[in-house]
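S.K.: The chain contents come next:
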Amino acid sequence: MDSAPVLEVRNLHTHFFLRRGVVKAVDGVTFSLRRGEVLGLVGESGCGKSLTALSILRLLPQAAARTVEGSVLLDGEDLLAKSPREMREVRGRRIAMILQDPQTSLNPVFSIGSQLHEALARRPDGTGRSLRERAVDVLRRVRLAAPEQRVGQYPHELSGGMKQRVVGAIAISCAPEVMIADEPTTALDVTIQLQYLDLLKELQSSLDMGILFITHDFGVVARMCDRVAVMYAGRIVETGPVREIFDNPVHPYTRALIASVPKLRRKTGRLRAIEGQPPALSDLPAGCRFADRCPHVEARCLERYPEAVSVGESHSASCWLAA
Amino acid sequence: MRRLPLASFAIIGTMIFVAVFAPWLTPHSPIDQSLPDKLLPPFWEEGGTTEYLLGTDIFGRDLLTRLFYGARVSLIVTALALTAGGGIGLVLGIVSGYVGGKLDAFLMRVVDAAFAFPTILFALLLAVTMGQGMDTLVIALSLFLWAGFARVIRGEVLAIKQRDFVALARVHGSSPARIMFVHILPNVLNTFMVLLTLNVGVIIVAEASLSFLGAGVPPPTPSWGLMVAEGRGKITSAWWLSLIPGIAITLVVLSFNLFGDWLRDRLDPKLRQL
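If you're matching them up, the sequences are chains A and B in order. So in this note's numbering, the last one in the first sequence is 323, and the numbering has no gaps at all. So in this note's numbering, the last one in the second sequence is 274, and the numbering has no gaps at all.
There's no promise every hint is true.
[Unchecked claim] Derived BS3-like pairs: lysine-lysine, alpha-carbon spacing no greater than 27 Å straight-line: (1) A:K82 x B:K38; (2) A:K82 x B:K161; (3) B:K234 x B:K38; (4) B:K161 x B:K102.
[As the list claims (entries may be wrong)] Okay, the calculated beta carbon distance ranges per label pair: (5) A:Q153 x B:L158: 40 to 50 Å; (6) A:A121 x B:L158: 22 to 32 Å; (7) A:R20 x B:G131: 50 to 60 Å; (8) A:R129 x B:V182: 19 to 29 Å.
In case anyone wonders, no lab produced these hints; they're calculated from the structure. We put the CB at the ideal spot given by N, CA and C, even for glycine.
All chains, please: the whole structure from these sequences, using the hints.
M.R.: Right, here's the structure in full:
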């Protein structure tokens, strides 16, 4: 656990340059991910979670989006300095990704086997086994039932949960150092979600990968993650070990997020919602971005952005109240 | 689901059969003249003989034989024009849709320009400058075809490239060319097939029209459009000269259109508005 970080993101800024102005969707994100660790990146829709992931892979959605500052270090190599060709070598082999919707994650015109072959062929395993055998093998690792038959089937013949397992199989087929999972269970049935999370956890420990787990679901975080980074309006506002964050959240936004998760054991009446809207990313305030919605807002919150301060062992928060 | 258009299949099948096996199906030559037998009517008319089932033209050439060989010309021209024009449209449509941005805007304006261009005039111009012939005809028809293909395929690609498997292909390190031609291309093939069949009729009519106007294949090569044109002067005395090839064109085009409609419904209900 205490090994050097495999992925380090420092002060990452990714902005959209639009005619109506600059939208600072990712505005100074810093975190690190160690081997064998699951880091949860949590936040509400539009806070920049997915864009952070795409910036790491340098697959920004439009010509208008650009990473303007910061660095992304994979084993100490800066990915932002690599050529497009070198970047293609990184993608899939060293950093893999799982997306939200298994329904569209597989190409409908190719069989499961041939989609796996494409990934497997990039990395000979030296045992001389055929691609088919290796495909069956990797499907077995993601615990897909009857893998020998699955390789010949097409995506429409599989259920959503099975498809997501295939996506997982493709992702691990090159034994990546880092896996980015962007809400991989959101589109799955609740009963399947749990199984899938257990599977990811198991693959992670057997392959010793670091997983960057993007989600908005604190329940999933509690189950999956070793550490959590809470993101709000393009910045990480609090980061720490998962137990710490749950037992002792410091940032008012983190507290509000945890309070809005339904609890099974206790009867809660209405869930608590966070009043208001996040600030427009094209017109960010100078001070704390949560100030408008924060119950503890003070004058200094509106004037200057609070720098991250350490509030415990590897636990830090960007809030004046914590200082 | 629409019923299988059996009559269309039969007519298309017959056309392909006679085009391929023309030399073995008839004892006559489509080109050699036999003036003593000129302007014989079809066998059921008075004066017709069973030797020339559908009668003869002003040079005494068997109409049925010329119809068979004309089917060859139509099919070859159609196949070449669809391969060239459709292929160009397919590739440009995929590139335009996937790459997007300025390239897309530019290519789509070229498509608009191509649609605005009068094909017939252009074909006449080509026939004058390059000389008449099948190659001229194919070039003219291809230049007309590609734009429609490119526009429809591009639209399809715009939808497909939003799907996650394209994003995942990029995440897995595929190059843009690989994504376009390995991942996206197979997904637009259905649409492409439907476009091909729907355009066969268009091409046959266009080929006939151009031949009729004298910008198509040069005589004495038999072409259905040319046959209609040659018989035009004798329409009152020898109606079969123009009418029979005219009926052939109508039947074949109708069959291909029905077949195309059926294929479209089978493969891609989304295209029904086309």
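S.K.: For every hint, state whether the structure bears it out.
M.R.: Hint check:
{"no.": "1", "hint": "A:K82 x B:K38", "verdict": "79 Å, violated"}
{"no.": "2", "hint": "A:K82 x B:K161", "verdict": "25 Å, holds"}
{"no.": "3", "hint": "B:K234 x B:K38", "verdict": "12 Å, holds"}
{"no.": "4", "hint": "B:K161 x B:K102", "verdict": "17 Å, holds"}
{"no.": "5", "hint": "A:Q153 x B:L158: 40 to 50 Å", "verdict": "29 Å, violated"}
{"no.": "6", "hint": "A:A121 x B:L158: 22 to 32 Å", "verdict": "30 Å, holds"}
{"no.": "7", "hint": "A:R20 x B:G131: 50 to 60 Å", "verdict": "57 Å, holds"}
{"no.": "8", "hint": "A:R129 x B:V182: 19 to 29 Å", "verdict": "24 Å, holds"}
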